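Note that the protein sequences, when read in sequence, are chains P and F. 197 is the number that this note's numbering gives to position 197 of the first sequence; each next residue is one higher, with no gaps. 1354 is the number that this note's numbering gives to position 354 of the second sequence; each next residue is one higher, with no gaps.
Calculated from the structure, these hints are not laboratory results. One thing to keep in mind: the hints can contain errors.
Stated by the list, open to error - Covered by chain P, according to a simulated footprint, are these stretches of chain F (three or more residues, beta-carbon under 8 Å):
{"#": "1", "segment": "1032-1039"}
{"#": "2", "segment": "1089-1097"}
{"#": "3", "segment": "1265-1275"}
{"#": "4", "segment": "1292-1303"}
{"#": "5", "segment": "1380-1390"}
{"#": "6", "segment": "1419-1429"}
All values derive from a computational prediction rather than experimental measurement. Where is the CB? At the ideal position from N, CA and C, for every residue including glycine.
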Amino acid sequence: MTTIDRASVASSAAADLRLDHLDDLEAESIHIFREVAGEFERPVLLFSGGKDSVLMLHLAVKAFAPAKPPFTLMHVDTGHNFPEVLTFRDETVERLGLRLVVQKVQDYIDDGRLVERPDGTRNPLQTRPLLDGIVEHKFDAVFGGGRRDEEKARAKERVFSLRDSFGAWDPRRQRPELWELYNGRHAPGEHVRVFPLSNWTELDVWRYIAREQIELPSLYYAHSREVFRRDGMWLCAGDWGGPRQGEDVETRTVRYRTVGDMSCTGAVESTATDVEAVILEVAGSRLTERGATRADDRLSEAAMEDRKKEGYF
Amino acid sequence: MATETIDPDALSESDRMLVDPEASRDLLRLATAGSVDDGKSTLVGRLLFDTKSVLADQLDAVERVSRERGLQHPDLALLTDGLRAEREQGITIDVAYRYFSTPTRSYILADTPGHVQYTRNMVTGASTAELALILVDARHGVLEQTRRHLAVTGLLGIRHVAVAVNKMDLVDFSESVFTGIVAELQRLAGHVGIDAVTAVPVSALLGDNVVTRSAHTPWYDGPTMLEHLETVEVGASPQDEAFRMPVQYVIRPQSAEHPDYRGYAGRITSGVVEVGTRIQVQPEGFTTTVVGIDRVGRPGEPVERERAHAPQSVVLRLADDLDISRGDLISEAARPATEVKDLEATVAVLSSRPLRHRDMVYVRVGTATVKGLVTDLVDTLDMTTLERGPAPSELPLNGIGTIRLRLGRPVAVDDYAAARRTGSFLLISPDDGATLAAGMVQLTGDLVDADSWLI
Ligand SMILES: Nc1nc2c(ncn2[C@@H]2O[C@H](COP(=O)(O)OP(=O)(O)OP(=O)(O)O)[C@@H](O)[C@H]2O)c(=O)[nH]1
Ligand SMILES: [Mg+2]
Chain P
1 MTTIDRASVA
11 SSAAADLRLD
21 HLDDLEAESI
31 HIFREVAGEF
41 ERPVLLFSGG
51 KDSVLMLHLA
61 VKAFAPAKPP
71 FTLMHVDTGH
81 NFPEVLTFRD
91 ETVERLGLRL
101 VVQKVQDYID
111 DGRLVERPDG
121 TRNPLQTRPL
131 LDGIVEHKFD
141 AVFGGGRRDE
151 EKARAKERVF
161 SLRDSFGAWD
171 PRRQRPELWE
181 LYNGRHAPGE
191 HVRVFPLSNW
201 TELDVWRYIA
211 REQIELPSLY
221 YAHSREVFRR
231 DGMWLCAGDW
241 GGPRQGEDVE
251 TRTVRYRTVG
261 DMSCTGAVES
271 TATDVEAVIL
281 EVAGSRLTER
291 GATRADDRLS
301 EAAMEDRKKE
311 GYF
Chain F
1001 MATETIDPDA
1011 LSESDRMLVD
1021 PEASRDLLRL
1031 ATAGSVDDGK
1041 STLVGRLLFD
1051 TKSVLADQLD
1061 AVERVSRERG
1071 LQHPDLALLT
1081 DGLRAEREQG
1091 ITIDVAYRYF
1101 STPTRSYILA
1111 DTPGHVQYTR
1121 NMVTGASTAE
1131 LALILVDARH
1141 GVLEQTRRHL
1151 AVTGLLGIRH
1161 VAVAVNKMDL
1171 VDFSESVFTG
1181 IVAELQRLAG
1191 HVGIDAVTAV
1201 PVSALLGDNV
1211 VTRSAHTPWY
1221 DGPTMLEHLE
1231 TVEVGASPQD
1241 EAFRMPVQYV
1251 IRPQSAEHPD
1261 YRGYAGRITS
1271 GVVEVGTRIQ
1281 VQPEGFTTTV
1291 VGIDRVGRPG
1301 EPVERERAHA
1311 PQSVVLRLAD
1321 DLDISRGDLI
1331 SEAARPATEV
1341 KDLEATVAVL
1351 SSRPLRHRDM
1361 VYVRVGTATV
1371 KGLVTDLVDT
1381 LDMTTLERGP
1391 APSELPLNGI
1401 GTIRLRLGRP
1411 VAVDDYAAAR
1421 RTGSFLLISP
1431 DDGATLAAGM
1441 VQLTGDLVDA
1451 DSWLI
C-alpha cells in the first residue's frame, strides 16, 4: 500500500465558496446527464466495464439519485473482450438494476455481415453493430466516455456531437457550443453523441476513483499474466489469435491502462496494485494512455480523426 | 512497455499536491484570442511544454513532423492543432481543449482560431472562459481580428484579460514596441467595457516570459505569463449573488423505498440556497420554501445538505406540491429574475444564414425553449472603431449587434452583465436545428417594466 501523507497537504476548501476542481468537473458531468435526460426521448450509455464507462455510470447514478438513471446501457462486444471485464460489467448492471443491450461483433462475423480482418483486430468492426443497435432501439442520444485529453482529435470535439445516419463526425461542421447551453436538436435518422467526461484528464479520473472508492475490473491493477510482445506492446495470450509463431509467451507483472479488444490493447509492466499506486504511476508516466497501449491509434497521425469520421467514437 | 513509476517518498511537496486525491485546488478556465498567426497555439504548446504537461510520444510526433518540414524549432502549435486540415494549412480551425495542472490550479485551456471565418468557434471557446489570453504579433500590432476578439471578450463579460505581446524575438525585444501596443490595447479595452489588462512581452516560440523569465527583457519587471495565471484572482462570489437554478429534470423514483420523493434537479447558476430559503418558481410565480437539498457527495457523506451554492448540481425539495417542470427557473423570492416577453439583447451571429427582421427562431434560455420573432435590428458593432453603428438590414455571419425579440411566452431572465448563465441564450433554427446566434440579455429601462409585454 502506497501512502500519501495527508496531514502535510493543506486543505483550502472550506475558506471560500469556490469549488475544488474535481467537484467542479463532477457538477459539470451531472449537469450534462440531466440535460440529455430532459431533452431526448431514448438515451443510451455505452458501458464496457472500462474505467471511463464505470466513471460515467457512477456520475449518472449520482445525477438521478434516489431514482435510477433513466436510460439503457449498451455494450458492443468484440468477442475478444477480457472475461473478467465482462463479468464485472454484468455484475454492475445487475447491482444497479439497469437494462443492458449487448451487440456482438461475433454474430455479425458468423452470419457474414462482417468479415474478420487479416490482422485479427476487431476494433474497426464495432461501428456497424453500434449503429445497428442505435437504429434498432431508436436511441437518439448516445453517451460515450471519451475525454479530450486522450487524443488530439478528441481535443477538438464538442460535448454534444451531432452524427448523421452513418454515425459520422464532420469536424468542419460542428455546432457552436456556448456556455452550458447544449443544442441537441437533430433530424430523424441523426443522433447525438454526448461526452460527459470531456474535460476530465486521466489523472482526474484516477484521483476521483480513489476519492469516491469506485470499484474497477481487477486488470487495472498489477497482476501476473501470460503475455507476448507485438508492435512494442505486451499483448495477452489467449483464444483471440495471439501469439503467432515466433512470438514467445512470458509471464509478467502487468496492468492495463485501458481495456478494449484483446487483440490490440496492450498491458504495461507495473507494480501498482492499488489505486494510490496507479495515481503515482499515471503522474510519473511519460506516455499517453492511448499511445502506449492501443495499437489501432498508432497507424497514422490522424488515425482517431479518421475513425471518428467513420462513425467510431 | 515499462512505465516510470515515481517513488512517493521522493515526491516534492508540490508534486504531492498534484497526485493526492484529497488535495484541493481550483479550476481556471481560459481561452486564447487574437488574430490569425499571432501565435496562440504556439503559446498554448509552450505553456504545456514548459509545465511538463506534454507526454513523450506527443512530443516525439511534433519533433518528427517539424523536422520533416525543415523547421529549426519544434512547432509547438502542432500540439493543439489536432485536425488534419489544421496541420496541413498551419492554422487553427476549431477550438482545442487542453489541460494542465500546477499545485495551485488546474487549467482548462481553450485554444481558439484567429481566422475570421471561424469566429464562431472562438466564441464557443471563450463563452465559458473566466480569463481571456489575447495575443498580438509584436510586428503587426493590433489588427481587425484583435479588435473583434477584444469586442467578443468584452461582450461575453470575461472580466480578466491578459495580453501576450508575442514574437518579441522578431522585434529585438524592443520595449517601445511593447509599450506602444499595450497603450493601444488599453484604450480599446476601455471601449468594450474591460477595465484592466495585464500585458506580458513574450516569445511563444522561444519561451521568453511564458513560464521562465527572459534575459532579453531587462526593462520588464512584471510577472511571467504563468505567474500571472497562477495568482490572478478569478471566480465569482456566490454569497453576493441572487440564487438561481433552472430546473433540468424532475426526479420521482416511485420506488418502494422512496414512494413520494419529488425533487427538482438542476445546476445552481448563481448564488446560495439553504434549507428554509423562500423561492419563487418563474415564470409561473408560485412562492414556496426549500425543505431539502440533496447532493450525493463523497462516500460516507450525508446526501442531505443544509446549503449549496453555484456551480453545484443539486436536487431541491420544496414545501408545496407544485406543477414545476423542465424550463422553469427557481429563484430567490426576495430577488427574482425579470419576466419578459420582449427582449433586447446583443447577439453574435454564428451561422452563414444572416439574421433578418421578422425571422422566426427558437430561443433557448436556461432549460427553456420558446418561440421567438426578431422584431428589430437595432444597431451593429463596427469592428474597426468598436463603436455601435446604425441599424443594419441584416446581421451576417460573425456580425455583432443589438436586436429585439418577441417571445412566444414569458421567460425569466437576468441582465447578462449581472448573471451570465441566466442572461444568455441561443437562437436556433426551427428548420434544421442549427445554432444561429448567441445572445446576451440587456435589461434596459423600458423592458424591465414588468407589464410592458401585456400591452
Ligand atoms: N519568431 C517567432 N515565431 C512565432 C512565435 N510564436 C509563434 N510563431 C510562429 O507563428 C506562426 C503562427 O503560429 P500559431 O501558433 O499557429 O498561430 P495562431 O495564433 O495559433 O494561428 P491561428 O490559430 O490560425 O489563428 C508559426 O509559424 C509559429 O511558429 C514567436 O514568439 N516568435
Ligand atoms: Mg492556432
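Closer than 8 Å, Cβ to Cβ, for at least three residues: run that test on the segment 1292-1303 of chain F against chain P and report holds or violated.
holds (count 5)
Under a C-beta cut-off of less than 8 Å, do 3 or more residues of the segment 1380-1390 of chain F approach chain P closely enough to confirm the stated coverage?
It is violated: at least three residues are needed, and the segment 1380-1390 of chain F offers just 0 whose Cβ sits closer than 8 Å to chain P.
Verdict on chain P covering the segment 1419-1429 of chain F, criterion of 3 CB contacts below 8 Å
holds (count 6)
At least three residues with a C-beta closer than 8 Å to a C-beta of chain P: is that true for the segment 1265-1275 of chain F?
holds (count 4)
How about the segment 1089-1097 of chain F: do at least three of its residues have a C-beta closer than 8 Å to a C-beta of chain P?
With 5 residues closer than 8 Å to chain P, the segment 1089-1097 of chain F meets the three-residue bar; holds.
State whether the coverage of the segment 1032-1039 of chain F by chain P holds or is violated, taking the criterion as 3 or more residues with Cβ-Cβ distances under 8 Å.
violated (count 0)
Violated hints, listed in ascending order, are 1, 5; each of the other numbered hints is respected by the structure.
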